[in-house]
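*Asks:* The primary structure of each chain is shown beneath.
Protein chains: 2
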Amino acid sequence: MIQTILNHRSIRKYKEKEIEKQVLDEVLLAGTKASTTGNMQVYSIIVTSDKAIKDQLWEVHFKQDMVKQAPVILTFCADFNRFNKWCELRDTSPGYDNFLSFYTASIDALLAAQNVAIAAESHGLGICYLGTTTYMADKIINILDIPENVIPVTTLVIGYPDENPDLTDRLPLEGVIHYEKYNDFNEQKINKIYEEKEELPSTKELIKINQTENLAQIFTEKRYTKKDNIHFSKSFFDVITKQGFMNHE
Amino acid sequence: MIQTILNHRSIRKYKEKEIEKQVLDEVLLAGTKASTTGNMQVYSIIVTSDKAIKDQLWEVHFKQDMVKQAPVILTFCADFNRFNKWCELRDTSPGYDNFLSFYTASIDALLAAQNVAIAAESHGLGICYLGTTTYMADKIINILDIPENVIPVTTLVIGYPDENPDLTDRLPLEGVIHYEKYNDFNEQKINKIYEEKEELPSTKELIKINQTENLAQIFTEKRYTKKDNIHFSKSFFDVITKQGFMNHE
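From first to last, the protein sequence lines stand for chains A and B. In case it helps, the working numbering puts the first sequence at residues 58 to 306. In case it helps, the working numbering puts the second sequence at residues 58 to 306.
Just so you know, not all the hints are guaranteed correct.
Just so you know, same-sequence chains aren't split out, so a pair can sit in one copy or run between any two.
[Unchecked claim] In the EDC-like style, the derived pairs of lysine to aspartate or glutamate whose C-alpha atoms are separated by at most 20 Å in a straight line are:
#1 Lys108 x Glu306
#2 Lys78 x Glu237
#3 Lys246 x Glu145
#4 Lys283 x Glu220
Keep in mind that the hints were calculated from the coordinates and are not lab data. Computed from a predicted structure; not experimentally measured.
Please build the complete structure, drawing on both the sequences and the hints.
*Replies:* Laid out in structure tokens, this is it:
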């Protein structure tokens with residue numbers, strides 16, 4: 058069980074093979090067993106396997122091949138739509154049109170997503186998260202007919218793996234674990250934490266390809282630039298507002 | 058493996074028994090194997106077992122007994138502090154002082170948290186998430202010496218269970234799963250989805266205790282009121298700003 062978690066690697070190449078209905082149902086059921094704030098279950102999972110709709114999703118997810126290849130795309134949403142409708146039908150006024158409620162619903166959606174990811178892997182399926190979901194939330198909303206009070210927050214590509222990549226390197230535990238309180242980092246500690254990663258042959262290859270001086274510059278100058286981050290921050294904020302989560306009066 | 062997920066229930070009463078170091082280490086290691094955006098690992102986990110610090114955390118987490126009882130409290134943080142320090146030491150300027158970066162780091166933290174939760178349960182440990190983390194983020198920052206560019210987003214209480222509660226009821230799958238696109242709800246569908254939950258003896262008991270007309274009103278009028286949500290929305294926003302994630306210039 059823990060072995061499934063310890064052996065996780067993201068899969069970016071998939072076989073054409075469909076996912077059996079019974080397997081997919083069990084994986085989705087596992088998603089619904091995750092903890093959820095006050096048992097409100099303020100999230101939803103959109104299961105897309107239709108080729109035409111998947112092609113539209115591929116377009117907005119930066120045309121990553123795996124979105125076309127994988128048989129199923131799961132879009133996880135922070136969702137107060139169903140809950141609010143229920144409240145209104147029960148003669149009471151829902152007060153969930155604010156940022157905290159959006160963030161609470163995001164937590165629900167993300168815990169469900171990780172349950173789905175692990176359940177899928179325990180069935181021999183592969184998964185990959187798409188970080189492009191928050192960048193392109195406005196376009197995904199249009200493609201998937203997503204109503205007000207619902208926001209897509211992450212996506213899982215899921216299917217049978219057609220590759221067997223190595224485990225991804227991770228920082229040593231002291232890079233992310235703090236005991237009792239937060240123990241801040243000095244230069245020596247940062248160097249020690251990043252030493253192994255910076256010495257990997259794959260890192261040196263990446264630096265060569267990207268023509269930067271070091272690995273950090275690949276992140277700041279190529280992959281996640283300040284300019285892009287600010288652009289996508291603003292567009293995601295617009296989505297949060299438009300979907301009805303910024304009423305603070 | 059999937060059985061661990063399907064059998065999840067939150068535990069609110071804990072034995073005095075400590076968690077063995079080897080078990081805790083494996084559980085934390087499992088946390089670090091979750092997917093993370095661009096393998097940046099922009100999260101941290103603060104492991105608190107010191108009684109005096111736990112007492113302070115108990116105070117801010119609405120004095121829930123389990124925070125004192127459980128041997129270990131894990132505070133999961135969205136964390137760009139370490140990553141930014143690394144960038145600066147590598148002569149490059151990090152552009153992660155914006156909302157998108159905070160949200161990205163939140164996703165990292167929450168996927169790691171759910172890995173930890175499942176790994177813990179597979180070792181016979183019990184867990185409970187504390188939603189009070191976002192409400193009280195400013196106070197938790199003070200207690201745990203959390204620096205700029207870091208925000209606590211959720212907390213797991215973890216220890217050996219001293220109760221064996223029933224599985225929590227969940228809505229039928231059609232309450233959260235949509236096929237192909239989002240299929241919005243009409244009155245009939247909402248009634249069908251909530252029928253079983255509303256008919257539970259435990260629900261009827263709750264309504265009696267809370268002196269409301271129905272279950273929805275317990276949420277809107279007692280547990281998660283509009284007034285509280287707006288209050289905590291504003292304070293969480295202040296934290297996001299103060300910790301350095303609202304620079305959109």
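*Asks:* It remains to establish, for every hint, whether it holds in the given structure.
*Replies:* Now for the hints, and whether the structure bears them out:
no., hint, result
1, Lys108 x Glu306, "neither (43 Å within a copy, 40 Å between copies)"
2, Lys78 x Glu237, "between (46 Å within a copy, 15 Å between copies)"
3, Lys246 x Glu145, "between (54 Å within a copy, 14 Å between copies)"
4, Lys283 x Glu220, "neither (33 Å within a copy, 49 Å between copies)"
When the structure is compared with the earlier hints, violations turn up for hints 1 and 4 and for no others.
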